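J.: Take a look at the letters that make up each chain.
2 protein chains.
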Amino acid sequence: MQADRSPARAARGEPLAVLAAGGRSPIEVAQAAQAAGRDVMIVGLEGEADEGIAAFPHAFVKWGQIGRIESIVRAHGARDIVMIGTVSVRPDFRAVAVDLGTLRYLPKLIRAMVGGDDKVLANFSRYIEGRGFRLVGVAEVAPGMVPPSGPVIGQAPEGTTADDARLAYAAALAIGRLDAGQSAVVVNGRVASLEAAEGTDAMLERVAVLRDRGRMKWAGRAGVVAKCAKPQQDLRLDMPAIGPVTVEKAAAAGLAGIVIQAGGVMTVDRTALAAAAERSGMFVFAADGNF
Amino acid sequence: MQADRSPARAARGEPLAVLAAGGRSPIEVAQAAQAAGRDVMIVGLEGEADEGIAAFPHAFVKWGQIGRIESIVRAHGARDIVMIGTVSVRPDFRAVAVDLGTLRYLPKLIRAMVGGDDKVLANFSRYIEGRGFRLVGVAEVAPGMVPPSGPVIGQAPEGTTADDARLAYAAALAIGRLDAGQSAVVVNGRVASLEAAEGTDAMLERVAVLRDRGRMKWAGRAGVVAKCAKPQQDLRLDMPAIGPVTVEKAAAAGLAGIVIQAGGVMTVDRTALAAAAERSGMFVFAADGNF
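Those protein sequences? They're chains E and G, same order as listed.
For the first sequence, our numbering puts the final residue at 291, and the numbers step up evenly by one.
For the second sequence, our numbering puts the final residue at 1291, and the numbers step up evenly by one.
These are calculated hints, taken from the structure and not from any lab test.
All values reported here derive from a predicted model rather than from experimental measurement.
Treat the hints with care, since some could be wrong.
If you want the footprint, here are the derived chain G segments under chain E, 3+ residues with CB under 8 Å [stated by the list, open to error]:
no., stretch
1, 1165 to 1174
2, 1178 to 1190
3, 1210 to 1217
Simulated DEER-style distance windows between Cβ atoms [said to hold, decoys possible]:
no., chain 1, residue 1, chain 2, residue 2, range
4, E, Q232, G, G1150, 32 to 40 Å
5, E, G189, G, E1205, 23 to 31 Å
6, G, S1149, E, D163, 32 to 40 Å
7, E, Q31, G, A1156, 55 to 63 Å
DSSO-like cross-link-like pairs, simulated, lysine-lysine; straight-line CA separation at most 30 Å [unchecked claim]:
no., chain 1, residue 1, chain 2, residue 2
8, E, K217, E, K249
9, G, K1217, E, K217
10, G, K1062, E, K249
11, G, K1217, E, K62
We put the beta carbon where it would ideally sit given N, CA and C, even for glycine.
Chain E with its partners taken away, still in its complex shape (with noise of 0.2 Å):
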């Protein structure tokens, strides 16, 4: 018998810690662990967090209550904590409840927030592990939500669409090495669109947009939006993601397909993608470097 070195199985049974922002990612999280028979709590920050978390041990915390958190996590006995979920704002710290474990950060926090995202979250990630916990990713927590190379749903691209989305993956990760976005969309050989501040969302919208005034052209379904990583991400505290919407939006600026990078993006809410991939007739592919 082989002892078991992999962090998942070392971590099995332990107490788990979900910090949990929006979305339905933070469940899909809590549902895993505690499939593989996890003791979940999760936090969850106020205005954000889904009220599904109700139906797990929960507690929730307003922005910047680091020394809240910290309490929390420690009288449920969890020295890991999985961060997942999506920010619909960044917080105005006029407006953050400072505790008394935030004002020992706040002027590290501020600083922080002058940056892009990944400065704020690398900050944070250091304060967290400097008090004693373990930040671990959702690829360990809940694997089965990372997908690994190869198609996810529908087949692998081919001709002018296998172009279109090596394209994109090469301009996803052009962009994200400026810290800007995650996300570009290759139609037909041309980029049409790339994300920075205003998410992938927004900028599928707008690929939409440009198609319907008639700024860029085609027929049927062409083109792909790649979502890379970023390549100094730390995939334990912000992983990528696309759901429902992604492909609801990707479909209605008539794209052909999403790719995603193997390994580096999640899917939220698996069955309701494929089926709005399926009902649109796109695919959705996982992408290691060489495709």
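Fit chain G to the supplied structure of chain E, relying on the hints for placement.
T.: For chain G alone, kept in the frame of chain E given last:
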């Protein structure tokens, strides 16, 4: 006395054809060329060219009338052609007026339209030069429209604004390498917006929306929009431009200033551009790679 080998001097007095798309830039170029003693004929694209071209010897052509363009230019006795102006809509080939010159060229043209802008123009350029003409750039015909490195309006950016300017410049070059777009906005170290098929003005409007909706926050004027030529772009064919509207959109977005690539981006309607910048307290700076 030294021999003057500069192409600008060598071409002085030679007839010049201006292929004019939209906006005031063709007129500015024609004025500059006349002032330098050249005999100018403007060939305006119907539906795009400004009616102000009527103040010069001129003719109108439709999209795709390449044979007709060639006849007009030859009748004028011009070997030098400058192509300039904005195009609001890519032609729909079902609506293109096909003449004999175009018919010969159509398969190549259609192939070219499938790719990025660069491919379309490079293909057209090869055709023109293959017919014995010389494509000349704005920098040669109207050098006063193309700022060399240094402040164009106001002071050079400093401190955080200079940092934003450098990052925006690098981002604009990076997306140019993808043949995606020419401009990028950075505010307080964060990439706010990247241009692709929507164009610079729409990209700037997006920054105003991000700010209005609280997706990005800053006080007063901050941040920079940078505009650069694509590294592979032939500046004789399609030189990027800024004008008064660029300044107004950047002002509405709350930006502190504009950085353009020295020698790679022209200013259109410099007087109105300067007035708009001064009204908003914004700078315009032309930068080379090291600033």
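J.: Indicate, hint by hint, whether the structure satisfies it.
T.: The hints, checked one at a time:
Coverage of the stretch 1165 to 1174 of chain G by chain E holds in this model, with 4 residues showing a Cβ closer than 8 Å to a Cβ of that chain against a need of three. Figure legend: the stretch 1178 to 1190 of chain G, annotated as covered by chain E; annotation consistent (9 residues with Cβ-Cβ distances under 8 Å, at least 3 required). Restraint check on the stretch 1210 to 1217 of chain G versus chain E: 5 residues with Cβ-Cβ distances below 8 Å, three needed, restraint holds. Evaluation of the 32 to 40 Å hint for Q232 of chain E and G1150 of chain G yields a pass: the beta carbon distance comes to about 34 Å.
The hinted window of 23 to 31 Å between G189 of chain E and E1205 of chain G holds, with their beta carbons roughly 26 Å apart. Take S1149 of chain G and D163 of chain E: their Cβ atoms lie about 38 Å apart, and the range 32 to 40 Å holds. Between Q31 of chain E and A1156 of chain G, the C-beta spacing of about 56 Å keeps the proposed range 55 to 63 Å intact. Annotation: proposed proximity of K217 of chain E to K249 of chain E holds, straight-line Cα distance about 18 Å (limit 30 Å).
At most 30 Å may separate the alpha-carbon atoms for a hinted pair to count; K1217 of chain G and K217 of chain E exceed this at roughly 35 Å. The suggested pairing of K1062 of chain G with K249 of chain E is violated, with an alpha-carbon distance near 37 Å, which exceeds 30 Å. Of the pairs offered as hints, the one joining K1217 of chain G and K62 of chain E holds, with about 20 Å between alpha carbons and a cut-off of 30 Å not exceeded.
Consistency with the previously given hints fails for numbers 9 and 10, ordered from lowest to highest.
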